[in-house]
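Q: Here's the letter readout for the chains.
There are 2 protein chains.
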Amino acid sequence: MVAEDDADQAELVRRYLEHEGHEVTLAHDGRSALDLLRGRRPDLLVLDVMMPRVDGLDVCRVIRAEPRLAHLPVLMLTARSSEDDLLLGLDLGADDYMTKPFSPRELMARVRSLLRRSDRGPDAAADREARNAVLRAGPVTVDRVRHEVWAYGRVIRCTPGEFRLLDMLVEHAGQVLSRTQILERLHGSDPFITLRTVDVHVMNLRRKIKDVRPGPQDVSPLVTVYGVGYKLTDTPHDQQAHPYG
Amino acid sequence: MVAEDDADQAELVRRYLEHEGHEVTLAHDGRSALDLLRGRRPDLLVLDVMMPRVDGLDVCRVIRAEPRLAHLPVLMLTARSSEDDLLLGLDLGADDYMTKPFSPRELMARVRSLLRRSDRGPDAAADREARNAVLRAGPVTVDRVRHEVWAYGRVIRCTPGEFRLLDMLVEHAGQVLSRTQILERLHGSDPFITLRTVDVHVMNLRRKIKDVRPGPQDVSPLVTVYGVGYKLTDTPHDQQAHPYG
DNA sequence: CCAGCATTGTCAGGTGATTGTCAGGAACTC
DNA sequence: GAGTTCCTGACAATCACCTGACAATGCTGG
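These protein sequences, in sequence, are chains R and F.
If you number the first sequence the way this note's numbering does, the last residue is 497 and the count never jumps.
If you number the second sequence the way this note's numbering does, the last residue is 497 and the count never jumps.
Hints listed in this document are in silico derivations from the structure and should not be mistaken for laboratory results.
It is possible that part of the hints are untrue.
It does not matter which identical chain is used: a pair holds within one copy or between any two.
[As the list claims (entries may be wrong)] In silico EDC-like links for lysine to aspartate or glutamate, alpha-carbon gap of 16 Å or less: (1) 462 <-> 414; (2) 483 <-> 400; (3) 483 <-> 423.
Assemble the whole structure, with the sequences as input and the hints as a guide.
A: What follows is the structure, encoded as structure tokens:
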């Protein structure tokens with residue numbers, strides 16, 4: 253299904269999809285998209301963000317809340333440039349996204365990728381990707397498509413290890429993760445690595461986040477839980493003043 | 253057993269479980285889950301909260317109330333948006349929970365962990381009783397996943413020892429626990445520690461709880477039982493005026 | 001009701017444990 | 001080979017916890 257209010261654009265996408273043998277349903281606004289979804293149960297949804305009546309973000313939210321639709325693959329189309337910052341501050345709830353203008357060829361590639369993923373079922377390799385493209389927790393946003401991290405609306409340059417760590421923390425936002433759990437994910441359960449390594453990564457991330465933080469606030473969203481591990485702040489209540497800033 | 257109304261999701265979980273050699277029974281709503289449970293007596297239940305007929309919370313409540321099922325490990329699946337229910341409802345009775353969408357790999361890890369726990373012989377039943385993720389007793393709530401303690405609706409910063417103590421008291425809410433029992437859990441049966449240590453911890457907890465208590469009430473939910481030990485108030489009637497406030 | 005003992009509340013300080021921080025060197029990428 | 005990334009070990013900062021002493025309270029027998 254393609255949900256897109258611009259008729260020409262919708263038609264373009266439809267032709268490409270049908271050319272690859274897919275059966276396509278069009279919806280021209282958010283409400284009708286949702287209505288149609290419940291009846292047709294498509295294999296995939298291409299969803300424009302800017303739409304009349306109900307916008308793409310809300311459509312996505314509804315989809316994720318409904319058990320029967322929750323794992324429908326969603327490829328979201330977003331406007332470029334101006335709203336970049338806005339959009340990246342949000343948790344899209346989509347499995348993948350592309351910014352307009354996009355190349356139809358790439359769109360098709362991503363569609364194939366998403367369909368392959370949902371087809372494979374319980375493939376061990378699949379679950380790593382079969383998650384939201386953009387996750388958010390408090391002031392931190394992780395974009396798995398661009399492999400970018402945002403904090404307080406600004407981009408942060410992360411090393412691969414830092415990215416994996418933050419990605420894990422955002423995915424389990426609010427939950428405490430032990431150093432062991434974290435290290436397990438950072439490496440493949442290599443028993444010859446000190447747990448203290450995690451602390452160093454956390455420290456480096458805290459510094460990078462602090463460097464883009466606007467106010468002189470003395471709190472970090474990356475919270476230490478003494479004797480247990482670390483967690484990423486989900487809600488404001490568990491922010492604690494950090495002794496070192 | 254997997255209780256999940258969304259057929260696709262249920263099928264996904266089933267495949268993962270069977271891939272690890274488990275025998276799986278599916279239930280598509282709360283009522284049939286309960287019926288099947290009584291017959292099959294499974295080793296573990298993966299339970300979706302949002303289900304038709306009888307929802308997950310009620311299923312959990314029934315399970316915990318029935319002696320033959322009370323010790324069944326329950327892993328609950330909740331929608332991300334309904335975190336409020338988790339924090340407010342709070343008498344889940346589940347042993348662990350995950351928020352949707354979740355990674356199948358992590359689901360498997362938690363299943364293994366729960367099974368390992370319940371495998372430790374049938375005599376360990378007492379020790380593993382009600383190892384819930386979120387526990388509540390009177391005004392006190394302990395969240396083992398987030399590692400957070402709430403009192404009177406507000407968060408309390410606890411040290412590791414205080415957390416273990418409160419966790420134990422909440423788990424056995426209403427029951428008196430001797431200093432010896434408490435110390436046993438705080439440490440691993442270290443015979444060179446004074447019993448009086450427990451008093452200090454209790455005192456510190458009482459103060460922290462008092463600091464967030466709204467009214468000027470002179471009672472603490474953490475009650476001293478003279479000559480025996482301590483207990484956490486389950487019902488209002490055994491609240492006693494505390495001499496020191 | 002009172003005395004007297006047992007039990008519990010409270011405080012502050014010393015000590016061990018946990019975490020923050022730094023810089024150097026090995027391993028890796030390009 | 002230049003530049004990263006990452007681990008490690010050491011030290012500093014911070015924290016948690018036990019202890020011992022004393023004050024306050026509870027209980028028991030008269």
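Q: Against this structure, judge whether each hint is valid.
A: Going down the list of hints, with the structure as the test:
1. 462 <-> 414: within (15 Å within a copy, 31 Å between copies)
2. 483 <-> 400: between (20 Å within a copy, 11 Å between copies)
3. 483 <-> 423: Intra 11 Å, inter 24 Å, cutoff 16 Å: intra-copy only.
Going down the numbered hints, you'll see the structure goes against none, and every one checks out.
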